[in-house]
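Chemist: Fit chain B to the supplied structure of chain A, relying on the hints for placement.
Number of protein chains: 2
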Amino acid sequence: MTPTPADVLAPGIDTRLSVREGFTRDETGLRGRVPRGVVRARSTADVVACVRWAAAVGVPVIPVGARTSLEGHLLPLGDEVMLDVSAMSEIIRVDQSDFVAVVQPGVTRRQLSAAVSPYGLHFPVDPGADATLGGMAATNASGTTSVRYGGMRRNVLSLTVVTADGTVHRLGRQVAKTSSGYDLKDLFIGSGGTLGVITELTVRLHPVPDSQGSVRLSFPDVEAAVDAATDLIGTAAPVSRLEFVDAAATSALNGFCGGGLPPSPALFVDVEATSSAALVDVLDGVEAIARDHGLLDGCRAQSAADRTALWDMRHRLFPAIKAAHPGHGFLVTDTAVAYSRIAEAVARAHRVADELGVHVTTAGHIGDGNVHAVVPYSGATFDRARRFSDRMVEHALSVGGTATGEHGIGLAKKRYLADEHGSACVLMAAVKTALDPQNLFNPGKVLDP
Amino acid sequence: MTPTPADVLAPGIDTRLSVREGFTRDETGLRGRVPRGVVRARSTADVVACVRWAAAVGVPVIPVGARTSLEGHLLPLGDEVMLDVSAMSEIIRVDQSDFVAVVQPGVTRRQLSAAVSPYGLHFPVDPGADATLGGMAATNASGTTSVRYGGMRRNVLSLTVVTADGTVHRLGRQVAKTSSGYDLKDLFIGSGGTLGVITELTVRLHPVPDSQGSVRLSFPDVEAAVDAATDLIGTAAPVSRLEFVDAAATSALNGFCGGGLPPSPALFVDVEATSSAALVDVLDGVEAIARDHGLLDGCRAQSAADRTALWDMRHRLFPAIKAAHPGHGFLVTDTAVAYSRIAEAVARAHRVADELGVHVTTAGHIGDGNVHAVVPYSGATFDRARRFSDRMVEHALSVGGTATGEHGIGLAKKRYLADEHGSACVLMAAVKTALDPQNLFNPGKVLDP
Numbered sequence: 000m001t002p003t004p005a006d007v008l009a010p011g012i013d014t015r016l017s018v019r020e021g022f023t024r025d026e027t028g029l030r031g032r033v034p035r036g037v038v039r040a041r042s043t044a045d046v047v048a049c050v051r052w053a054a055a056v057g058v059p060v061i062p063v064g065a066r067t068s069l070e071g072h073l074l075p076l077g078d079e080v081m082l083d084v085s086a087m088s089e090i091i092r093v094d095q096s097d098f099v100a101v102v103q104p105g106v107t108r109r110q111l112s113a114a115v116s117p118y119g120l121h122f123p124v125d126p127g128a129d130a131t132l133g134g135m136a137a138t139n140a141s142g143t144t145s146v147r148y149g150g151m152r153r154n155v156l157s158l159t160v161v162t163a164d165g166t167v168h169r170l171g172r173q174v175a176k177t178s179s180g181y182d183l184k185d186l187f188i189g190s191g192g193t194l195g196v197i198t199e200l201t202v203r204l205h206p207v208p209d210s211q212g213s214v215r216l217s218f219p220d221v222e223a224a225v226d227a228a229t230d231l232i233g234t235a236a237p238v239s240r241l242e243f244v245d246a247a248a249t250s251a252l253n254g255f256c257g258g259g260l261p262p263s264p265a266l267f268v269d270v271e272a273t274s275s276a277a278l279v280d281v282l283d284g285v286e287a288i289a290r291d292h293g294l295l296d297g298c299r300a301q302s303a304a305d306r307t308a309l310w311d312m313r314h315r316l317f318p319a320i321k322a323a324h325p326g327h328g329f330l331v332t333d334t335a336v337a338y339s340r341i342a343e344a345v346a347r348a349h350r351v352a353d354e355l356g357v358h359v360t361t362a363g364h365i366g367d368g369n370v371h372a373v374v375p376y377s378g379a380t381f382d383r384a385r386r387f388s389d390r391m392v393e394h395a396l397s398v399g400g401t402a403t404g405e406h407g408i409g410l411a412k413k414r415y416l417a418d419e420h421g422s423a424c425v426l427m428a429a430v431k432t433a434l435d436p437q438n439l440f441n442p443g444k445v446l447d448p
Numbered sequence: 000m001t002p003t004p005a006d007v008l009a010p011g012i013d014t015r016l017s018v019r020e021g022f023t024r025d026e027t028g029l030r031g032r033v034p035r036g037v038v039r040a041r042s043t044a045d046v047v048a049c050v051r052w053a054a055a056v057g058v059p060v061i062p063v064g065a066r067t068s069l070e071g072h073l074l075p076l077g078d079e080v081m082l083d084v085s086a087m088s089e090i091i092r093v094d095q096s097d098f099v100a101v102v103q104p105g106v107t108r109r110q111l112s113a114a115v116s117p118y119g120l121h122f123p124v125d126p127g128a129d130a131t132l133g134g135m136a137a138t139n140a141s142g143t144t145s146v147r148y149g150g151m152r153r154n155v156l157s158l159t160v161v162t163a164d165g166t167v168h169r170l171g172r173q174v175a176k177t178s179s180g181y182d183l184k185d186l187f188i189g190s191g192g193t194l195g196v197i198t199e200l201t202v203r204l205h206p207v208p209d210s211q212g213s214v215r216l217s218f219p220d221v222e223a224a225v226d227a228a229t230d231l232i233g234t235a236a237p238v239s240r241l242e243f244v245d246a247a248a249t250s251a252l253n254g255f256c257g258g259g260l261p262p263s264p265a266l267f268v269d270v271e272a273t274s275s276a277a278l279v280d281v282l283d284g285v286e287a288i289a290r291d292h293g294l295l296d297g298c299r300a301q302s303a304a305d306r307t308a309l310w311d312m313r314h315r316l317f318p319a320i321k322a323a324h325p326g327h328g329f330l331v332t333d334t335a336v337a338y339s340r341i342a343e344a345v346a347r348a349h350r351v352a353d354e355l356g357v358h359v360t361t362a363g364h365i366g367d368g369n370v371h372a373v374v375p376y377s378g379a380t381f382d383r384a385r386r387f388s389d390r391m392v393e394h395a396l397s398v399g400g401t402a403t404g405e406h407g408i409g410l411a412k413k414r415y416l417a418d419e420h421g422s423a424c425v426l427m428a429a430v431k432t433a434l435d436p437q438n439l440f441n442p443g444k445v446l447d448p
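As they're listed, the protein sequences go chains A and B.
Note that numbering that gives the first Met the number 0 numbers the first sequence so that position 304 is 303, with each residue one more than the last.
Note that numbering that gives the first Met the number 0 numbers the second sequence so that position 333 is 332, with each residue one more than the last.
Next comes chain A alone, as it looks inside the complex (with noise of 0.2 angstroms):
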């Protein structure tokens, strides 16, 4: 007798209902499906056996990491298997002298920051959650260092993945740079888990920089802030983090935690330099510029100690946010423009906010043009949140931008892709379809082959 999927069970799968409906809900608000149960691979032959069974059966399946997707990739929308890599948390190994560690997906962040910090190197993509990295590498994902640093795609080397026949390929080399084939690297990375299972990744590290200074500077009004955001990017001043809060963000840091901010809008910089005398020339000229542009005030941190307390203060951003909103979910845009763009854009969240009814604060990583928009919301004003995200990402289409700078399309984002690629989605289409004939990858996340 053939075995239906009904009667074959992976190998160690977990069906206890209560771990099952975990899966349901997420940051999005949105809920899904009951899956059908949780596998979870300590090594790459765990995946390899899971995907086989799945394809075998015709089971979907969804990898699993940390879980901190923003756009509902990991939210079952039938029968799926959840294959969650977080126990393969392996650092694999170091080496300082290549400037590169490789490892597991599961291992996070802060794990792998932890591991190179004592070889006087950092791994700089940071979005905020301690995410995996095999997550990280399934959205492409990015944060506040990457105007200097880049995502995901320009840290991460080679990946081993598992496709959909159970082969264990190798995409990428552990070089600097590749001209030799497809870039079928940098095609996963961002693919949110539909096209295989991450089981390795090779990530470039950096030097910790000789000097760090940071800035907070505030402005009389937003357009003065990009102004002075861009201005920093033309001079190329050696910038390591370009982060804008408005006046509803200082405002709600200043009944958090008694911040004493100036009411208005903020840049939170970051700079890099050779040597302490360099760093105070830098800032200096970060300062210069910043008083071309209007600013109200300005705080310089140089010690560790002073830094920690000025970045700390921008952290407790989306804390100040839930304080002042108990009781609410949270909507976060993630459109990404032009430079030229930006001023619009946060008027813009503010004017929608106003009319359809909604608080809005916005702040992000002017220096790559991607500033979020948080939305409280509640059961009753959560249509009008989904609303005021549809007119963000409207926007930001007609002038050029991106739904998403680095949450990724995943469930909440896909009604957006056809009007951001248009034509284009075929190929997508086609690439899923080719690689991943069956389907069995994430269906129904990013796009429909």
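No wet-lab data here; the hints were simulated from the structure.
Treat the numbers as computed from the prediction; the structure is a model and nothing was measured.
Keep in mind that a hint or two might mislead.
It does not matter which identical chain is meant; a pair holds if it fits inside one copy or across any two.
To be verified - In the SDA-like style, the derived pairs of lysine to any residue whose C-alpha atoms are separated by at most 25 angstroms in a straight line are: (1) Lys-413 with Ala-433; (2) Lys-413 with Arg-390; (3) Lys-413 with Thr-166; (4) Lys-413 with Val-167; (5) Lys-413 with Arg-169; (6) Lys-413 with Ser-157; (7) Lys-413 with Ser-377; (8) Lys-413 with His-168.
Modeler: Just chain B now, kept in the frame of chain A:
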């Protein structure tokens, strides 16, 4: 009566034998067949018309620009039409405040540099030859500045391409980063004209740094030069070029232009700084690292004239090698390896050259682990030169490196693709078949679907 390939001509096809015969040779020493003809496109519409005609009559198409490929990308293997886009050479716009330019594919690197220089901006990717931007994207070109700015993948934000059914697609967006959908832009970059025809590029520009300085550093041996280069990377020195030449190269330069260099391995280093005071500190730091590794002789250049003179020396290397070997062709390897494997690769180049009885000079982008070996060959030694190349690639692959850091696979490196990528070649072939089912574009290059 149904038209057949023999009696249907592409719009505006040039079938003069003298013109067609010009396409049978290139820099590789390999010979191509005489193509069917040449179509010179002046617009995306011309490209669409040619591709539709070609698809309808089943004639393959090779997109052609400045024809500076070093790997036989553009040699006809059958009855192809050469689709020459070099007349599509318009710089469509420069958006100074967004740090981007939009260009047609026939715009050359020097043409773009001249156009953006008045804005205080530069396009950093410099493969040496005055290649077209379209061709540079097709091969994922890079060069001396890639250690700081990356190659084409990092500096092309979006592409317009015409695919096999004559559809015009836009891949990527004019934003610093995006996680939206599959990364088709980077898939087409480096695909060697095998997936479609590039008809427009949006490229990233960078501000010209305030202060730049250069230094030439001579070392007692290759190991010392490599160790110094690795230390420069490891100290986060703001290096924008990091070039290596071996003792054979310095000897060739001394013979050619009376360089007066110590006949020993050397580094040519460019650094960037935020002020002239900081520049002196940075150059002091670079020289201190060089002294730690037994510096024999150094030459510092801070003025624009001195810097030009210093780099002119480096740029005369290939003319110097040519002058020393009149009547020869030149094979140039393009392997890249991890930093810890560079010295071994250079030593092996000289050992293998001795074994095979060929002359070799090694020089290249040590900051990317991409050191070229240049082997002069005559009719009698061509086979030995090819064997030399095989041996170098075998070694690079055996230590985890790549057959081609920046030239691309084309025709000449195709034999190495399977050794480098193993089973992933099956995925590449699946992608090719999905996007170009008729094998219309540049058949027989990069891979066989």
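Chemist: When no copy is specified for Lys-413 and His-168, does a C-alpha distance of 25 angstroms or less occur within a copy, between copies, both, or neither?
Modeler: between (28 angstroms within a copy, 19 angstroms between copies)
Chemist: From the Cα coordinates, with 25 angstroms as the cut-off, is the pair Lys-413 and Arg-390 best called within, between, both, or neither?
Modeler: This pair counts as within: shortest intra-copy Cα distance 15 angstroms, inter-copy 48 angstroms.
Chemist: How would you label the pair Lys-413, Arg-169 (within, between, both, or neither) given a Cα cut-off of 25 angstroms?
Modeler: Cα proximity of Lys-413 and Arg-169: across copies only (18 angstroms, versus 28 angstroms in one copy).
Chemist: Checking an output row: Lys-413 and Ser-157, CA cutoff 25 angstroms. Within, between, both or neither?
Modeler: Between. Shortest inter-copy distance 21 angstroms satisfies the 25 angstroms Cα cut-off; intra-copy 27 angstroms does not.
Chemist: For the identical chains here, do Lys-413 and Ala-433 meet the 25 angstroms Cα criterion within one copy, between copies, both, or neither?
Modeler: Result: close both inside a copy and across copies, 20 angstroms intra and 22 angstroms inter.
Chemist: Is it within a copy, between copies, both, or neither that the alpha carbon of Lys-413 lies no farther than 25 angstroms from that of Thr-166?
Modeler: between (28 angstroms within a copy, 23 angstroms between copies)
Chemist: At most 25 angstroms between CA atoms: does that hold for Lys-413 and Val-167 within a copy, between copies, both, or neither?
Modeler: Only across copies: Lys-413 and Val-167 sit 22 angstroms apart there, 28 angstroms inside one copy, limit 25 angstroms.
Chemist: Is it within, between, both, or neither for Lys-413 and Ser-377, if the alpha carbons may be no more than 25 angstroms apart?
Modeler: within (23 angstroms within a copy, 58 angstroms between copies)
Violated hints: none; the structure is consistent with every hint.
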